[in-house]
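With the hints as your guide, set chains W, G and D with the ligands onto chain X.
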Amino acid sequence: MNANVGIVIVSHSPDVARGTADMVRQMVGDEVPLAWCGGNPDGGLGTSVPDIMDAIGRAWSEAGVAVLVDLGGAETNSEMAIEMLDDERRGRVVLCNAPIVEGAVMAATEASAGSTLDEVRRTAEELKPA
Amino acid sequence: MNANVGIVIVSHSPDVARGTADMVRQMVGDEVPLAWCGGNPDGGLGTSVPDIMDAIGRAWSEAGVAVLVDLGGAETNSEMAIEMLDDERRGRVVLCNAPIVEGAVMAATEASAGSTLDEVRRTAEELKPA
Amino acid sequence: MTVDPTTDSAVRERLIRAIAERMIAHADELTALDQAIGDGDHGLNMKRGFEAVLAAAPDLAARPLPAALAEIGKTLVMRVGGASGPLYGTLFLTLGKTLPERPSGDELIAALAAAVDAVKARGKSDAGQKTMLDVLVPVLDDLRRGGDGVPGRLADAAHAAAQATVPMRAVRGRASFLGERSIGHMDPGARSSALMIEAVVTCLEERA
Amino acid sequence: MTVDPTTDSAVRERLIRAIAERMIAHADELTALDQAIGDGDHGLNMKRGFEAVLAAAPDLAARPLPAALAEIGKTLVMRVGGASGPLYGTLFLTLGKTLPERPSGDELIAALAAAVDAVKARGKSDAGQKTMLDVLVPVLDDLRRGGDGVPGRLADAAHAAAQATVPMRAVRGRASFLGERSIGHMDPGARSSALMIEAVVTCLEERA
Ligand SMILES: Nc1ncnc2c1ncn2[C@@H]1O[C@H](COP(=O)(O)OP(=O)(O)O)[C@@H](O)[C@H]1O
Ligand SMILES: Nc1ncnc2c1ncn2[C@@H]1O[C@H](COP(=O)(O)OP(=O)(O)O)[C@@H](O)[C@H]1O
Ligand SMILES: [Mg+2]
Ligand SMILES: [Mg+2]
Ligand SMILES: [Mg+2]
Ligand SMILES: [Mg+2]
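Residue numbers (numbering that gives the first Met the number 0), protein chains in the order written: chain X, 0 to 129; chain W, 0 to 129; chain G, 0 to 207; chain D, 0 to 207.
To be clear, the hints were calculated from the coordinates, so they are not data collected in a lab.
Hints are not guaranteed to be accurate.
Partial chain X-side listing against chain W, Cβ under 7 Å, derived [as the list claims (entries may be wrong)]:
1) D14
2) V15
3) R17
4) D21
5) M22
6) G28
7) L44
8) N96
9) S114
10) T115
11) E118
Note that the Cβ used here is the ideal one computed from N, Cα and C, for glycine as well.
The following block holds chain X by itself, in its conformation from the complex:
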């Protein structure tokens, strides 16, 4: 069991999500539970609530999960997905207000140091829009 905070990457584009995960993996190796999803339920650009719920499950950590998203719809769908989680998990998932690629790298680097969910979120959000 990995006690580090998990990272979930949610993009409108499956390519962006996969590539971002590759970059994160190269930097932090397997120290951080990591999952990604992207694309609407038909595979086009968009996001999918069940896919997001599933990715959160795959990156699950008792220390919590930080979710990185790209544009508005990904945020709204991720918030919905988080609310639909079990009561017990819901409170341990946070959405980061940070750019997806740069935020994921920052968040994962922070998570790999064993930081708390709140620290991970704050580190990612240092990059948030001015």
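Chains W, G and D with the ligands in isolation, oriented as in the chain X frame:
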């Protein structure tokens, strides 16, 4: 000839660059010259100066080109690529200090309105790290 | 012939089909609106969601009205794929959670008000921002005012409200990227809301 | 036997090969250092760049020293693929642009100083930030001081300088993501710089 500012997307990951370009295309259609590159000269994660120069050529517009990058190495390589352009083109390419995905969408949307290179850059940089 | 969807599953099924078919029939138009100020997928998104609703229409209609509404909401959340999915999904989910099985007029209004509030919370948005709320909020207000011509009057109010989004500047959703340039186009979500309201009203009136 | 690379193409070729082979031989070590505080590709990057240099060694050596250095710089810029590419590339390009064909000692120092300044400008960085500059800057200072033991002494100075990056906190490049946690590891670019300097010194001394 398209008179709108061109957009170049330079990521360590070819997947991120391609997916970002897909998102931009879906939002602005063909109104904006657009090119992407990603990966080191062997195709692994990284960036490549000749690929960046090539992408700038493909997205070339007399109105100039705005370049979006992800992490430090992509920035350094893009600056190098810009310096290696012809004297005549060099002054019309700017690197945006903005997150790659969100910045590219913002920059392209601004460019599609026929804005100047400087306006495009400023719009993308509204998202820059606080 | 009854027109009470709270007691009659056939009426419920007609209503569900009317809404779903309206969305599907107008998919191209909604997509075109979204191409102008968004990413050009609102029609596709609504079609995807409501095709799933349509496929389940008999099953949905077999349930009591609140459960049917909640299930529609869940289907939209799961299937739409755009920001409109959780927004419309939340609207229906909240209606389902709030409506009693045989609501009074006041209870109906209270449930709609709760549902519109839930959409605001979900979208961190409110009327005036060039979204579906610019239809939902004024139509709810009109319903509250009551008097003659309800429900028929509401369809006209909805279309007028959608029309009124044209000069607005978007500050929420994808259209917000356009800033000033979002002005001059109808919001696609406002249009889909107006169509949805019209479908409900027409269906209930036809049988009245 | 001459040891003057400015006049003798065979010396130039030995020198080019010595640098390239040293980088290639230490690729795994450099990658391991970059795994600790970066993205684990510095060895691969240097290997890619210097394999291209090695393949062109006879051609490169056939040119006058400034042209050879500029061409090495261009090859690194084009082939390395990481931040170190334009940084080392700029170092060699600037040496090539600044060195006369038969430089005096002072001209050599001036060219090195110009090259190190160009690296600083390229990286928007300076000594003290846990990068290759933490080797390049003190070694240049040591060379400037002159006196006994140059060039041999410079290799030791370079390794000591690389060692001194261990307690530093990175504020440039990928390692800067790690903040405090970059402390306690040698910077990979500092290590590759020290190895490069050692290769040059050893090659020149061997033949002296
Ligand atoms: N934050 C929000 N609050 C309310 N409505 C919103 C919000 N974001 C988007 N919308 C509505 O959703 C519509 C767009 O839906 P759609 O195109 O399906 O999703 P997406 O924007 O993810 O592509 C908009 O026209 C607007 O009416
Ligand atoms: N801005 C900079 N200024 C000076 N040196 C830098 C800078 N950025 C990175 N470096 C050097 O480059 C080395 C990393 O090179 P490399 O791993 O090949 O590239 P990347 O960081 O793109 O993966 C670092 O160890 C550091 O010495
Ligand atoms: Mg849309
Ligand atoms: Mg969309
Ligand atoms: Mg590296
Ligand atoms: Mg790298």
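* Would the stated hint for S114/X survive a check requiring a Cβ distance to chain W of less than 7 Å? -> violated (19 Å)
* Can D14/X be said to touch chain W, with a Cβ gap under 7 Å? -> Result: holds, 3 Å to nearest chain W Cβ.
* Taking the closest Cβ pair, is G28/X under 7 Å from chain W? -> At about 13 Å, which exceeds the 7 Å cut-off, the nearest Cβ of chain W leaves the hint on G28/X violated.
* Given R17/X as an interface hint, is the shortest Cβ-Cβ distance to chain W below 7 Å? -> holds (5 Å)
* Asked: Was the hint right that V15/X lines chain W, CB cutoff 7 Å?
  -> For V15/X, the interface hint holds, since the closest Cβ of chain W sits about 4 Å away, which is under 7 Å.
* **Hinted contact L44/X with chain W - closest CB pair below 7 Å** => For L44/X, the interface hint holds, since the closest Cβ of chain W sits about 5 Å away, which is under 7 Å.
* To do: Please verify that hint: N96/X, Cβ, nearest Cβ of chain W, below 7 Å or not.
  => Result: violated, 11 Å to nearest chain W Cβ.
* Asked: Regarding the hint that E118/X lies at the interface with chain W, is the smallest CB-CB distance below 7 Å?
  -> Status violated, d = 17 Å.
* To do: Let me know if the C-beta of M22/X comes in closer than 7 Å to any C-beta of chain W, holds or violated.
  => At 5 Å from the nearest chain W Cβ, M22/X passes the 7 Å test, so the hint holds.
* Asked: Under the criterion of a CB-CB separation shorter than 7 Å, is D21/X in contact with chain W as hinted?
  -> holds (5 Å)
* Asked: Any CB of chain W closer than 7 Å to the CB of T115/X?
  -> violated (21 Å)
Checked against the numbered hints given earlier, this structure breaks hints 6, 8, 9, 10 and 11; the rest are met.
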